[in-house]
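Protein chains: 2
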Amino acid sequence: MRAEILAVGTEILLGNIVNTNAQYIANRLAELGIEVYHHSVVGDNPKRLKEAYDLAFKRSDLVIATGGLGPTKDDLTKEVAFEYFGKEAVLHENLLKNIEEFFKKINMPMGENNRKQALFPKDAIIMPNNNGTAPGCIIEEGNKILAVLPGPPREMKAMFEESLVPYLVKFQDSILVSKTLRIMGMGESKVAEIIDDILENSKNPTVAPYAKEGEVTLRITAKAKDEVKGNELIAPLEREIRNRLGIAVYGEDDSTLEEVLGKILVENILTIATAESCTGGLLAGSIINYPGISSVFKEGFVTYTNESKVERVNVRKETLDRFGAVSSETAAEMAEGAAKAAGADIGLSTTGIAGPGGGTEEKPVGLVYVGLYIKGEVKTKELNLIGNRQRIRNMTVMNTLDWLRRELLKNNVK
Amino acid sequence: MRAEILAVGTEILLGNIVNTNAQYIANRLAELGIEVYHHSVVGDNPKRLKEAYDLAFKRSDLVIATGGLGPTKDDLTKEVAFEYFGKEAVLHENLLKNIEEFFKKINMPMGENNRKQALFPKDAIIMPNNNGTAPGCIIEEGNKILAVLPGPPREMKAMFEESLVPYLVKFQDSILVSKTLRIMGMGESKVAEIIDDILENSKNPTVAPYAKEGEVTLRITAKAKDEVKGNELIAPLEREIRNRLGIAVYGEDDSTLEEVLGKILVENILTIATAESCTGGLLAGSIINYPGISSVFKEGFVTYTNESKVERVNVRKETLDRFGAVSSETAAEMAEGAAKAAGADIGLSTTGIAGPGGGTEEKPVGLVYVGLYIKGEVKTKELNLIGNRQRIRNMTVMNTLDWLRRELLKNNVK
Chain E
1 MRAEILAVGT EILLGNIVNT NAQYIANRLA ELGIEVYHHS VVGDNPKRLK EAYDLAFKRS
61 DLVIATGGLG PTKDDLTKEV AFEYFGKEAV LHENLLKNIE EFFKKINMPM GENNRKQALF
121 PKDAIIMPNN NGTAPGCIIE EGNKILAVLP GPPREMKAMF EESLVPYLVK FQDSILVSKT
181 LRIMGMGESK VAEIIDDILE NSKNPTVAPY AKEGEVTLRI TAKAKDEVKG NELIAPLERE
241 IRNRLGIAVY GEDDSTLEEV LGKILVENIL TIATAESCTG GLLAGSIINY PGISSVFKEG
301 FVTYTNESKV ERVNVRKETL DRFGAVSSET AAEMAEGAAK AAGADIGLST TGIAGPGGGT
361 EEKPVGLVYV GLYIKGEVKT KELNLIGNRQ RIRNMTVMNT LDWLRRELLK NNVK
Chain Y
1 MRAEILAVGT EILLGNIVNT NAQYIANRLA ELGIEVYHHS VVGDNPKRLK EAYDLAFKRS
61 DLVIATGGLG PTKDDLTKEV AFEYFGKEAV LHENLLKNIE EFFKKINMPM GENNRKQALF
121 PKDAIIMPNN NGTAPGCIIE EGNKILAVLP GPPREMKAMF EESLVPYLVK FQDSILVSKT
181 LRIMGMGESK VAEIIDDILE NSKNPTVAPY AKEGEVTLRI TAKAKDEVKG NELIAPLERE
241 IRNRLGIAVY GEDDSTLEEV LGKILVENIL TIATAESCTG GLLAGSIINY PGISSVFKEG
301 FVTYTNESKV ERVNVRKETL DRFGAVSSET AAEMAEGAAK AAGADIGLST TGIAGPGGGT
361 EEKPVGLVYV GLYIKGEVKT KELNLIGNRQ RIRNMTVMNT LDWLRRELLK NNVK
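The listed protein sequences derive, respectively, from chains E and Y.
Counting with full-length UniProt numbering, you get residues 1 to 414 for the letters of the first sequence.
Counting with full-length UniProt numbering, you get residues 1 to 414 for the letters of the second sequence.
What the hints contain is simulated information worked out from the structure, not anything from laboratory work.
Hints may contain errors.
It does not matter which identical chain is meant; a pair holds if it fits inside one copy or across any two.
[As the list claims (entries may be wrong)] List of simulated lysine-lysine pairs, DSS-like, C-alpha gap at most 27 Å:
1) K47 x K144
2) K381 x K105
3) K104 x K190
4) K212 x K157
5) K144 x K50
6) K179 x K379
7) K229 x K363
8) K179 x K122
9) K116 x K375
10) K104 x K212
11) K381 x K414
12) K157 x K170
13) K379 x K414
14) K212 x K73
15) K363 x K104
16) K58 x K47
Using the sequences provided together with the hints, build the complete structure.
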């Protein structure tokens, strides 16, 4: 089966919003083993929309259209499709009731024009919308299939997974199973160098590297009869990659650094405290992203001023005078001071120049010192980061969390 | 002139990356007053790429292609275009020299296949790449124009602005000038209701609302001979909208809430401190996003545990026992305690249930109390938020900052 993705909406055409729906659907179709050769975008214009359907069905068996299911006159995706297939739309009373109930739930009056969202041909397969008012539908005509999904990504994704995927899997004789390995502290080119032969020679599964801000991911994808068989193909390759990359692999699939780290801390009952200057709370904010963290996160200090560094986390005034607030010495005292003030096993600290101002020749923007105190021992690390204020602060957080993770693993804390 | 945007690349087609280039280009072409009726995406496949050029030039005068200018055999965008127009590519020695110099600068050996990036027809208009190795080009053939830009967004945007815009403006007799108003504390439907007649009747300028996470933006766009004339058209409409929406308009264009708030605090020399429970540092982290904030941000306390609430910001144990950590009473004491401990004019606090666990019937997930202390007076506010942990924490930060902004404005602090 060959599919294509058609986004309908002037707001995408004019660049008001990014077409993230196309990426989501393309990615999922690849996983389902359905070929996609074209994406396109067309505005809320009946003539060009009809031409777009025509073109798409010349090239493909399955067209997935997103957007244009709203209640207004501009919303034409369904109407043009019904006309294209010569199908008459009739009111589906049960759908109308759902829409009325939706408005009751959110305590808003229903507009008369919302009735149009309950109009579908008799033989259409309805896809319910559990996150909004507009249902979607599947229309089969000969060996051509049109699926119409709503535009808002939250509604679209839920409907795609709940209704369209179960419909599509029956056409497949094989599926794609994939697993993503997440890597920190190693650039994409270095990763590619270490597993060069694997990237080059692997056919099934394939391995694709992708660089994101501050991390690299490796996606291993196997084509197989079912998920069990797919995972069997992936396992030995994953083992080999993990062997070569070692500690740099911090997690898999949707796991996050703070989740991986949080689990280690909670399972080993290691309490933690933070003292932050340049990151200003983002480090603590990130650690606390992990819901289970409350049993070990003692407290955080945002010591942006010199006075608070002295008063809260016991940095010595002479250290600040002699080495400055942005120094390895200050970072060390902040980390130790935070742990001791909070009565925690671990203290983490950050101090640096996030810019845009404040840099000097000796201490340029992007120079950051981070400190780590674990049970009596204190270490520091110098980071030289590039980018704007936001990026420097975010990269400091990621680097610091990854550093703690590595230090714990080195000490056999897992 | 009618344009369309063609993205070339299997990684977009398969949904590995989002086609943000299309959004950027579409948005800029709208500002330049160039009509766009289609976007499309095609993979690195010579046959389908040729068909895509053919289709695009049947519909449009200007085709802007992105991606596929790299050094590998997969990169075909230029090659297929030259063939499509029947033009022979020759080596441009000066471009080859640039590429060699680029590699020298980043201290890497140049691959033999990078030579291909210096191949262009004799009559192509070259667009230099100051951020990578692949130059772009413009090919004119009759009244058809093809512009080829590199795929990496950073390279694409720079080349678009530096070379393609200056080329395109000569075709324009008018430009689009736009201004965005940013609104918080009022939903999209409420905004639309208040300015319903303006949304309905305005032709030039037009006004388009757009809902983002936690805020609403209104984009006012005027078509005019030049920027001065455009701004003259925008001004009276902007004034009218601001009159009607009042304090809800917090900023314009690219300004952020923390920047707007930060400026008020710094200009009025109002010092601030924070005490955070559920936001865990994100509130301080957000305030500190504004680079000028260091003169007024005194310190932040991440008091995630009850002990730290008592010890650092002087919450009374009996308050915690009687009302609980998530209560208006605790929020009030945290805000006051933070301000007093730090010696600040203003104290802001957050305490709530961010989930996914920890909710009860009486205090469900999403219940958050925020506190505000200003010079002797303390207020609290109850928020009932929906969404996941991350969203609840982010919305708490946005609501709290906007609340402080409004309170300051109400007290004539601007």
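For K212 and K157, with the copy left unspecified, which applies at a CA distance of at most 27 Å: within, between, both, or neither?
both (23 Å within a copy, 18 Å between copies)
Alpha-carbon proximity context of K229 and K363, limit 27 Å:
For K229 and K363, neither the intra-copy (55 Å) nor the inter-copy (46 Å) Cα distance is at most 27 Å.
Under a CA distance limit of 27 Å, which applies to K381 and K414: within one copy, between copies, both, or neither?
within (22 Å within a copy, 42 Å between copies)
Within, between, both or neither: how does the pair K116, K375 come out at a Cα-Cα threshold of 27 Å?
Classified as neither; 66 Å inside a copy, 55 Å across copies.
Can you give me the call for K157 and K170, within, between, both or neither, at a CA distance of at most 27 Å?
within (19 Å within a copy, 43 Å between copies)
Is it within, between, both, or neither for K144 and K50, if the alpha carbons may be no more than 27 Å apart?
both (15 Å within a copy, 25 Å between copies)
With identical chains, the pair K381 and K105 could be close in the same copy or across copies; at 27 Å between alpha carbons, which is it: within, between, both, or neither?
between (54 Å within a copy, 25 Å between copies)
Could you place K104 and K212 in one of the four classes (within, between, both, neither) given a Cα distance threshold of 27 Å?
For K104 and K212, the Cα distance is within 27 Å only across copies (24 Å; inside one copy 43 Å).
Under a CA distance limit of 27 Å, which applies to K47 and K144: within one copy, between copies, both, or neither?
Cα proximity of K47 and K144: in one copy and across copies (21 Å, 23 Å).
How would you classify K363 and K104 at a CA-CA limit of 27 Å: within, between, both, or neither?
between (60 Å within a copy, 24 Å between copies)
At 27 Å max between alpha carbons, let me know whether K179 reaches K379 within a copy, between copies, both or neither.
neither (35 Å within a copy, 50 Å between copies)
When no copy is named, should K179 and K122 be tagged within, between, both, or neither for a Cα gap of at most 27 Å?
neither (41 Å within a copy, 46 Å between copies)
Violated hints, listed in ascending order, are 6, 7, 8, 9; each of the other numbered hints is respected by the structure.
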